[in-house]
Amino acid sequence: MTKTLNLTLKVWRQKGQNSKGGLETYHAKNISSDMSFLEMIDVINEQLTLDGMEPIAFDHDCREGICGMCGTVVNGRPHGPEKGTTLCQLHMRHFSDGDTIVVEPWRSRAFKVIKDLVVDRSSLDKIIQAGGYISVNTGGAPDSNAILIPQEIAEKAMDAAACIGCGACVAACPNASAMLFTSAKISQLALLPQGKPEAAKRAMEMVRTMDGLGFGNCTNERECEAECPKEISIVNIARMNREFFKASFFSEVK
Amino acid sequence: MNWLITTITSSIGKKLLMAITGLCFCTFLTAHLAGNLTLYAGKEAFNSYAEHLHSLGPLITVAETGLLLFGIIHVLTGIVLFYQNFTARPEKYAVNKSAGGSTLGSSTMPYTGLILMAFIILHLINFHFIDKTGTTIFQIVSDAFSKTAYIIIYVFAMMVVALHVSHGLWSAFQTLGVNHPKYMPLIRKAGITFSILIGIGFGFIPVFISLTT
Numbered sequence: 001m002t003k004t005l006n007l008t009l010k011v012w013r014q015k016g017q018n019s020k021g022g023l024e025t026y027h028a029k030n031i032s033s034d035m036s037f038l039e040m041i042d043v044i045n046e047q048l049t050l051d052g053m054e055p056i057a058f059d060h061d062c063r064e065g066i067c068g069m070c071g072t073v074v075n076g077r078p079h080g081p082e083k084g085t086t087l088c089q090l091h092m093r094h095f096s097d098g099d100t101i102v103v104e105p106w107r108s109r110a111f112k113v114i115k116d117l118v119v120d121r122s123s124l125d126k127i128i129q130a131g132g133y134i135s136v137n138t139g140g141a142p143d144s145n146a147i148l149i150p151q152e153i154a155e156k157a158m159d160a161a162a163c164i165g166c167g168a169c170v171a172a173c174p175n176a177s178a179m180l181f182t183s184a185k186i187s188q189l190a191l192l193p194q195g196k197p198e199a200a201k202r203a204m205e206m207v208r209t210m211d212g213l214g215f216g217n218c219t220n221e222r223e224c225e226a227e228c229p230k231e232i233s234i235v236n237i238a239r240m241n242r243e244f245f246k247a248s249f250f251s252e253v254k
Numbered sequence: 001m002n003w004l005i006t007t008i009t010s011s012i013g014k015k016l017l018m019a020i021t022g023l024c025f026c027t028f029l030t031a032h033l034a035g036n037l038t039l040y041a042g043k044e045a046f047n048s049y050a051e052h053l054h055s056l057g058p059l060i061t062v063a064e065t066g067l068l069l070f071g072i073i074h075v076l077t078g079i080v081l082f083y084q085n086f087t088a089r090p091e092k093y094a095v096n097k098s099a100g101g102s103t104l105g106s107s108t109m110p111y112t113g114l115i116l117m118a119f120i121i122l123h124l125i126n127f128h129f130i131d132k133t134g135t136t137i138f139q140i141v142s143d144a145f146s147k148t149a150y151i152i153i154y155v156f157a158m159m160v161v162a163l164h165v166s167h168g169l170w171s172a173f174q175t176l177g178v179n180h181p182k183y184m185p186l187i188r189k190a191g192i193t194f195s196i197l198i199g200i201g202f203g204f205i206p207v208f209i210s211l212t213t
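Protein chains in written order, with the working numbering: chain A, 1 to 254; chain B, 1 to 213.
Keep in mind the hints are simulated off the structure, nothing from the lab.
Accuracy of the hints is not assured; some may be wrong.
What the hints assert, rightly or not - DSS-like, lysine-lysine: derived pairs with alpha carbons at most 30 angstroms apart:
hint: 1; chain 1: B; residue 1: K14; chain 2: A; residue 2: K230
hint: 2; chain 1: A; residue 1: K112; chain 2: A; residue 2: K246
hint: 3; chain 1: B; residue 1: K14; chain 2: A; residue 2: K156
hint: 4; chain 1: A; residue 1: K20; chain 2: A; residue 2: K126
hint: 5; chain 1: A; residue 1: K83; chain 2: A; residue 2: K201
hint: 6; chain 1: A; residue 1: K126; chain 2: B; residue 2: K92
hint: 7; chain 1: A; residue 1: K10; chain 2: B; residue 2: K97
hint: 8; chain 1: B; residue 1: K132; chain 2: B; residue 2: K147
hint: 9; chain 1: B; residue 1: K97; chain 2: A; residue 2: K115
hint: 10; chain 1: A; residue 1: K83; chain 2: B; residue 2: K147
hint: 11; chain 1: B; residue 1: K14; chain 2: B; residue 2: K189
hint: 12; chain 1: B; residue 1: K189; chain 2: A; residue 2: K83
hint: 13; chain 1: B; residue 1: K97; chain 2: A; residue 2: K83
hint: 14; chain 1: B; residue 1: K97; chain 2: B; residue 2: K189
hint: 15; chain 1: A; residue 1: K246; chain 2: B; residue 2: K147
hint: 16; chain 1: A; residue 1: K20; chain 2: A; residue 2: K156
hint: 17; chain 1: A; residue 1: K126; chain 2: B; residue 2: K14
hint: 18; chain 1: A; residue 1: K230; chain 2: B; residue 2: K132
hint: 19; chain 1: A; residue 1: K29; chain 2: A; residue 2: K156
hint: 20; chain 1: A; residue 1: K246; chain 2: A; residue 2: K3
hint: 21; chain 1: A; residue 1: K29; chain 2: B; residue 2: K14
hint: 22; chain 1: A; residue 1: K112; chain 2: B; residue 2: K132
hint: 23; chain 1: A; residue 1: K126; chain 2: A; residue 2: K29
hint: 24; chain 1: A; residue 1: K230; chain 2: B; residue 2: K189
hint: 25; chain 1: A; residue 1: K83; chain 2: A; residue 2: K230
hint: 26; chain 1: A; residue 1: K156; chain 2: B; residue 2: K189
hint: 27; chain 1: B; residue 1: K132; chain 2: A; residue 2: K15
Isolated chain A (complex conformation) (with noise of 0.2 angstroms):
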């Protein structure tokens, strides 16, 4: 059943990279519970608008829960209290009336702040350029099936791939570490034939390239498995880790 809620929000606040933010508190009134978590702050920056103000900004894009673009921390929780959601999929129904929440952006040295909850999430794209790809050279289709792969293998590579490269693991880790987001991309090539010949170079150059943007180590306190919005689970953590064991130790990748 469809309920009003009134809340009070914490929303951080911040002008530009450079600029210093610090929490603010908005009234949303009038908020139906069906409303998700993103059309609930359009409704506040709606008023905010009318009144002369600057809206709270915030990245969104398919508001399906499949893009990767929303997400915000809320209440200490990215993406939420919910299991296994992203924060446009989040319902004001999970809320109560009179609520206080606060809203914040994802916190890493290697995200920074380009407007209040906006943050600038490129170091996970200078992961993927670093070898979360395969090299195939174009021509004619090849025959489907060409290639075996078991069900279960195929499986858990999609289990992998259905990272949407969010940034909620890392705003979860203690340690601010993108090792989730890092090991579900090199697993889903890893783990399928067309991603074994680059395997080696993949696994070295993408650890080292996080490793050099600024994000903190894995130190298993599993809470990027448990808020990622794709349920992608820390197994694929001790596969990146056999991965980079077996290039640095037994190949001939420097």
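Chain A is already provided as a structure; the job is to place chain B on it using the hints.
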């Protein structure tokens, strides 16, 4: 050998160092506890165990040097990781909340580690770097545990060890890449069981000594 340095100084390499040295310490704890259990069999059993152990001569020196080296690696790498992880998030969150992943053991690793380092130094001063002429190791142990302060410190330190190992043991396997749907649940349970056994096994010794002597 440049590749080796690049490998072990990487984020995963540092984890590898922590895992290997940590697992060696778990093995050491097992051997140490097995030896100390002779304390429950009385004065003679313990003194004779100590004598047999020391009769190994050069082997003991090798083991001690190895432990010291591994200790230095574990502590220094741990401090580097702690510093890097602390600075990886310059602006902290106003609200922090766990999603249920971390445990008391996992979130306190650097702190329990530093407490353990201080304890190990104290422990070596108490029982290793002590004048052993004209006395027995049992006498030294029972003298130490006649003081209430020492009993409290030692029992507390063993609770800290149990907490540190409760995360450390399974975490080492995960780091080494040994995460398998068949074995991981077993490794996690074994880690908790091992830490409880270590905590109780060592922690009860000071109490037992003070009650029986």
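Do the hints match the structure? See the list:
This hinted pair checks out: K14/B and K230/A have alpha carbons roughly 28 angstroms apart, not beyond 30 angstroms. For the suggested pair K112/A and K246/A, the alpha carbons sit about 33 angstroms apart, so the restraint of at most 30 angstroms is broken. Proposed proximity of K14/B and K156/A is supported: the alpha carbons are some 27 angstroms apart, at most 30 angstroms. With a CA separation close to 27 angstroms, the supplied pair K20/A and K126/A stays within the 30 angstroms bound.
Simply put, K83/A and K201/A have alpha-carbon atoms about 35 angstroms apart, too far for the 30 angstroms limit, and the pair is violated. With a CA separation close to 24 angstroms, the supplied pair K126/A and K92/B stays within the 30 angstroms bound. Taking the CA atoms of K10/A and K97/B, the gap is near 16 angstroms; set against the 30 angstroms cutoff, the hint holds. Between K132/B and K147/B the CA atoms are separated by roughly 19 angstroms; this keeps the pair inside 30 angstroms, and the hint holds.
For the hint linking K97/B to K115/A, the alpha-carbon distance of about 24 angstroms falls within 30 angstroms, and the restraint holds. Between K83/A and K147/B, the direct Cα distance comes to roughly 51 angstroms. Violation of the 30 angstroms bound is thereby established for this hinted pair. Distance restraint check for K14/B and K189/B: the Cα-Cα separation of roughly 25 angstroms lies within the 30 angstroms cut-off, and the hinted pair is therefore satisfied. A C-alpha spacing of about 25 angstroms is found between K189/B and K83/A, which places the hinted pair at or below 30 angstroms, so the restraint holds.
Between the alpha carbons of K97/B and K83/A the distance comes to roughly 14 angstroms, so the proposed pair stays at or under 30 angstroms and holds. As the CA atoms of K97/B and K189/B are separated by approximately 25 angstroms, the hinted pair is consistent with the 30 angstroms bound. Distance check on the hinted pair: K246/A and K147/B sit about 52 angstroms apart at the alpha-carbon level, beyond 30 angstroms; violated. For the suggested pair K20/A and K156/A, the alpha carbons sit about 43 angstroms apart, so the restraint of at most 30 angstroms is broken.
Note on K126/A and K14/B: the hinted pairing holds, with a Cα-Cα distance of about 22 angstroms set against a maximum of 30 angstroms. Note on K230/A and K132/B: the hinted pairing is violated, with a Cα-Cα distance of about 61 angstroms set against a maximum of 30 angstroms. A distance of roughly 45 angstroms separates the Cα atoms of K29/A and K156/A; the hinted pair therefore is violated under the 30 angstroms criterion. Proposed proximity of K246/A and K3/A is contradicted: the alpha carbons are some 56 angstroms apart, above 30 angstroms.
The suggested pairing of K29/A with K14/B is violated, with an alpha-carbon distance near 51 angstroms, which exceeds 30 angstroms. Of the supplied pair hints, the one linking K112/A and K132/B is violated, its CA atoms being roughly 60 angstroms apart against a limit of 30 angstroms. For a cut-off of 30 angstroms, the pair hint linking K126/A to K29/A is broken: about 41 angstroms separates their Cα positions. Distance hint between K230/A and K189/B is fulfilled; the C-alpha atoms sit about 27 angstroms from each other, no more than 30 angstroms.
Only pairs whose Cα atoms come within 30 angstroms are accepted, and K83/A paired with K230/A is accepted, the gap being roughly 9 angstroms. Taken as a hint, the K156/A and K189/B pair is honoured in the structure, with Cα atoms around 25 angstroms apart against an allowance of 30 angstroms. Annotation: proposed proximity of K132/B to K15/A is violated, straight-line Cα distance about 69 angstroms (limit 30 angstroms).
The structure shown violates the earlier hints numbered 2, 5, 10, 15, 16, 18, 19, 20, 21, 22, 23, 27.
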